[in-house]
Structures are given as structure tokens and as C-alpha cells.
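Q: Sequence:
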Amino acid sequence: MTRVKFNFSMPTKILFGVGTISKVPDCCRELGIQKPLLVTDQFLCGTESFKETLEKLKEHKLDPKVWENVIPDPTDVSISKGAEAYLDKDCDGIIAFGGGSSMDSAKALGVLVYHEESDIKKFIGASATSLKGIPPLICIPTTAGTGSEVTKVSVITDTSISRKTPLLDPILYPKIAILDPNITITMPPQLTAATGMDALSHAIECFTSTMRRNPISDALALDAIKLVSENLRGAVFNGKDVTKRTNMSLASLMAGIAFDNAGVHLGHAIGHMLGAKYHISHGVGCVLLLPEILEIILPTRMDQLVKMASCFGINTLSISKRKAAEKTINEVSQLMNDICIPSLAAVTNTSLEDADLLADLLLQENRLVSLTPRSITKKDCVQMFKKAFKRKN
Numbered sequence: 001m002t003r004v005k006f007n008f009s010m011p012t013k014i015l016f017g018v019g020t021i022s023k024v025p026d027c028c029r030e031l032g033i034q035k036p037l038l039v040t041d042q043f044l045c046g047t048e049s050f051k052e053t054l055e056k057l058k059e060h061k062l063d064p065k066v067w068e069n070v071i072p073d074p075t076d077v078s079i080s081k082g083a084e085a086y087l088d089k090d091c092d093g094i095i096a097f098g099g100g101s102s103m104d105s106a107k108a109l110g111v112l113v114y115h116e117e118s119d120i121k122k123f124i125g126a127s128a129t130s131l132k133g134i135p136p137l138i139c140i141p142t143t144a145g146t147g148s149e150v151t152k153v154s155v156i157t158d159t160s161i162s163r164k165t166p167l168l169d170p171i172l173y174p175k176i177a178i179l180d181p182n183i184t185i186t187m188p189p190q191l192t193a194a195t196g197m198d199a200l201s202h203a204i205e206c207f208t209s210t211m212r213r214n215p216i217s218d219a220l221a222l223d224a225i226k227l228v229s230e231n232l233r234g235a236v237f238n239g240k241d242v243t244k245r246t247n248m249s250l251a252s253l254m255a256g257i258a259f260d261n262a263g264v265h266l267g268h269a270i271g272h273m274l275g276a277k278y279h280i281s282h283g284v285g286c287v288l289l290l291p292e293i294l295e296i297i298l299p300t301r302m303d304q305l306v307k308m309a310s311c312f313g314i315n316t317l318s319i320s321k322r323k324a325a326e327k328t329i330n331e332v333s334q335l336m337n338d339i340c341i342p343s344l345a346a347v348t349n350t351s352l353e354d355a356d357l358l359a360d361l362l363l364q365e366n367r368l369v370s371l372t373p374r375s376i377t378k379k380d381c382v383q384m385f386k387k388a389f390k391r392k393n
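Under the working numbering, the residues of the sequence shown are numbered 1 to 393, in order.
One thing to keep in mind: the hints can contain errors.
[What the hints assert, rightly or not] Cut-off 25 Å, straight-line C-alpha distance, at most; resulting in silico cross-link-like pairs (DSS-like, lysine-lysine):
no. : residue 1 : residue 2
1   : 226       : 327
2   : 56        : 35
3   : 277       : 121
4   : 132       : 121
5   : 89        : 61
6   : 175       : 121
Quick caveat, the hints were computed from the structure, so don't treat them as lab data.
Predicted model, so just to flag it, every value in this text is computed and none were measured.
Between the sequences and the hints, there should be enough to build the whole structure, so can you do that?
A: Dropping the structure here:
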């Protein structure tokens, strides 16, 4: 038997299920939080689920404060403003209420207030200052896809270079994650599709990763892929289906834990580049070229693609490995079409002639590109973008 040796982390306490949002006051008490800062955006601030959460905290004699200025793809500037709000309101803990942007903002502003600094760029990059802590953090995701509630990552846009940069440290793990599928029921179809595909990209990329893949991350990733393939269409077109919503929240959670341990690669390099350049949603950006990415890595990850085939209901018994892998790629493409993921040209206003420019921009994301399970050249990137432009959505 081959010796198996790996590391796996998941220090966040998870509360999952319909109605778990009611446990927020108990979680605050558990962490010694009396005056939490609720980090959210202006839209979510007006939703019933947010208002009910705020009232529940007040009913339990807590003193919640609100910072509702989270922006999509949070920047170093917005994080500084969030930290100022935390200090001005004299808070002693953080509750992130929202999608990936709210959770990433909460983690990053927590870094600033804990270290008494004003610029998050000090903690990003090769010369980054090491992290010592953040205030106690509770994450309540309102979407099903980012998985940020169970990761040690916060992605912030550095406005000085217009690039997304990761803040990566075990210090960033939330103390508690509360996943109540009922909160996701009001997500519109387009957002459901985008965040659901984000979960799929996490699962597929970490399952085909070159980094720290291990039996636990593989098992979580495969289950997440199966859950997305069986439930995302239903969640998109019948958003009030609690079972579909529950399964998508579970898929997001499992994929989040998996990729936090095993890493992601080319899809997220593309997502970061397109998000910073064209300000498109992270979930859409990461999957716009997913079929082309799978084609590129097929020679080195055929066994993984074959295992993924069963997640999409493909019978692999009477076909070759290569045919099974190709059918998996077709199923991914079909899912994207079915839930109306837009084309590369539509969301970026670019065309076939821009493939060379996009390839150059992508190669600047060298950290994630280098993690792709085969060597990637500029020629590969150009061909990949050209195929995506030609693919019919």
C-alpha cells in the first residue's frame, strides 16, 4: 500500500442548516463579543434576513453596529474605511453578513484594527508583515459559492496596480461559520448561477491541483462537484426549493474546505485577471474558460476527469478513459449553457483579436498560473482564449 502523508486544516466551527441564523447571539457570547460590527453591503442591509439578525442581537442585550459599505471586489481603500468604522464604533468583534466580498472585507479590516495599521498593502506580497491576529470573526454567507466562511484567504484589489492580491494566513480563519440555506432563497437566478459555478470551480481546480491534494480534499471536492451537477440548475430556475438551496450551500462549504487545503490554479488566475481588468463577478470570471482549461490539463489529469465523470452521471464502464474525460468537459460546458453563464466576449467586450492581450495579462498572474498541472506558455493562453471566443454559449 502506498504511504499517504498530508496536512489538513479546518479550525472554523460550522453551524449548518435551516434556522441556524438564530444562533448568532449565542455565537457572540461564546466568543465574548458584546459590540459586533456587522460588515455588509447596502443592498443586504435592507433585506429581511439582515434586519431580523440585527433585531435578534439587540433582543439578547448585545449592541450591534453596522458598516454597510462593502463593495464588489473590495479594495485597499475600502478596507481602510471599514477599519475606521470598527474603531469609531468601538467594536469588539466582527460579523460578516454577505457573499465573498463581505467576508473578505471583514477579514482584511480585522487585520488592520488588530495590528493598528491603516493600509492593508503592508500585509500583502513578498515583503508582507506577518499576521498576529484579528478580532473574533463570525461569517454568515448569503450566497452559495465563495466558501470564504471556511478559508484562510482574503482577496483584495490593490488600487496602486489594479490587481487582485491574496491575503493568506491561518490567522484569517473565522471562528464560527453559520450557513442557513434559507438566507440564500432570495438570491436572483444570475447570482445563484455565478456563485454556484464558483463552488464548482473551487472543487474542480483543487481536485486537479498540483499542490496539496489529499484523500480528504479529494473526497470533499468530488461530493461538491456531484452536488453542484445535481442541484445548481434547480436552484437557478426554482430558487424557493429549499432542498436545492441546502445542497448548494453544502457544496459551497465542502468545496471551500477542499480548496483551502488543496489550492486552486488557472481558473482563478483568469478570474482574478478578468475581475481586476473588467470588473466582472468572481464566480463568472473563474469559469468563463473552464472547458478550455479542462482540455489543456486533460493529458496530465485524465484520471481525475474520469473520476469526475460519475459526478455528472456519465457511465464510464463501456468507454475509454479519454472519452470519459471528454464527456466530463462536455457536461461542464452544458451546465454553463443551461444556467446562462455569459460568453467571454459578452462580459469583457473583447473579441478574438484581443486574445494576445488577454494572454499577456493572464501570465502576470504568475503565482496561480504556475500551479496549473502542466506548464503553460503564452501560446497555450492565446489558443485557450481563441477557443473560448469561438465556443458557442
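Q: Would the hint linking residue 226 and residue 327 be met if the CA-CA limit is 25 Å?
A: holds, 15 Å
Q: Given the hinted pair residue 89 and residue 61, is their Cα-Cα distance within 25 Å?
A: holds, 17 Å
Q: Between residue 132 and residue 121, does the CA-CA distance stay at or below 25 Å?
A: Satisfied, since the Cα-Cα distance of roughly 16 Å is no more than 25 Å.
Q: Between the alpha carbons of residue 56 and residue 35, is the straight-line distance 25 Å or under?
A: Holds: residue 56 and residue 35 sit about 13 Å apart, inside 25 Å.
Q: Does the alpha-carbon distance linking residue 175 and residue 121 stay inside the 25 Å limit?
A: holds, 24 Å
Q: If you draw a straight line from the CA of residue 277 to the CA of residue 121, is it 25 Å or shorter?
A: Given pair residue 277, residue 121 holds - Cα atoms ~19 Å apart, limit 25 Å.
Going down the numbered hints, you'll see the structure goes against none, and every one checks out.
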